[in-house]
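Number 395 in this note's numbering belongs to position 67 of the sequence shown; there are no gaps in the numbering.
The reader is advised that the hints may include incorrect statements.
Stated by the list, open to error - Using C-beta positions, here's what the derived DEER-type ranges look like:
id	residue 1	residue 2	range
1	GLU345	ARG388	36 to 42 Å
2	PHE399	VAL339	36 to 42 Å
3	LEU334	THR356	18 to 24 Å
4	ALA398	ALA362	19 to 25 Å
5	LEU351	ARG331	26 to 32 Å
6	PRO353	GLY389	49 to 55 Å
7	THR347	GLY389	17 to 23 Å
8	ARG390	ALA330	35 to 41 Å
9	ASP376	MET329	23 to 29 Å
10	THR400	THR332	17 to 23 Å
Honestly, the hints are just simulated from the structure, not real lab data. Glycine residues also receive a C-beta, built at the ideal position from the N, C-alpha and C atoms.
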Amino acid sequence: MARTELIPRQVLFGNPEKTSPSLSPDGTRLAFLAPVNGVLNVWVGPSDDPAAARPVTDDRGRGIHGYFWAFTNDRTGCRSTRRRKHSWRNIWAARPSR
329 MARTELIPRQ
339 VLFGNPEKTS
349 PSLSPDGTRL
359 AFLAPVNGVL
369 NVWVGPSDDP
379 AAARPVTDDR
389 GRGIHGYFWA
399 FTNDRTGCRS
409 TRRRKHSWRN
419 IWAARPSR
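Put together the whole structure using the sequences plus the hints.
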């Protein structure tokens, strides 16, 4: 019987390159989750040029796993855990300058 190779753990459990895209309410900005130094953070950029997106959070712990747009189109909100605690903190991130 042929031996099957194991799937590398990084493929199954590693961070995606980009995930969870979301347009701002007015459709001008695109937000998504992508790693910064190996930790998922929120990135925001123009919807017509996603390559110009920049990180708007700087989580260095467990990463951001969910976020949302404010109705004002200029901020994203998310929740993050604090290191060594099970408490949550709310983060409001301003969009990068145009």
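Hints versus structure:
1. GLU345 - ARG388: 36 to 42 Å: Violated, since GLU345 and ARG388 (Cβ atoms, about 19 Å apart) do not stay within the stated range.
2. PHE399 - VAL339: 36 to 42 Å: With Cβ atoms ~38 Å apart, the hint holds.
3. LEU334 - THR356: 18 to 24 Å: Once the Cβ atoms are compared, 45 Å apart, the range 18 to 24 Å for THR356 and LEU334 is violated.
4. ALA398 - ALA362: 19 to 25 Å: Given a distance of about 20 Å, which is inside 19 to 25 Å, the answer is holds.
5. LEU351 - ARG331: 26 to 32 Å: violated (46 Å)
6. PRO353 - GLY389: 49 to 55 Å: Given range 49 to 55 Å: violated, Cβ gap about 29 Å.
7. THR347 - GLY389: 17 to 23 Å: holds (18 Å)
8. ARG390 - ALA330: 35 to 41 Å: Holds - the Cβ-Cβ distance for ARG390 and ALA330, about 39 Å, lies within 35 to 41 Å.
9. ASP376 - MET329: 23 to 29 Å: violated (53 Å)
10. THR400 - THR332: 17 to 23 Å: violated (52 Å)
The structure shown violates the earlier hints numbered 1, 3, 5, 6, 9 and 10.
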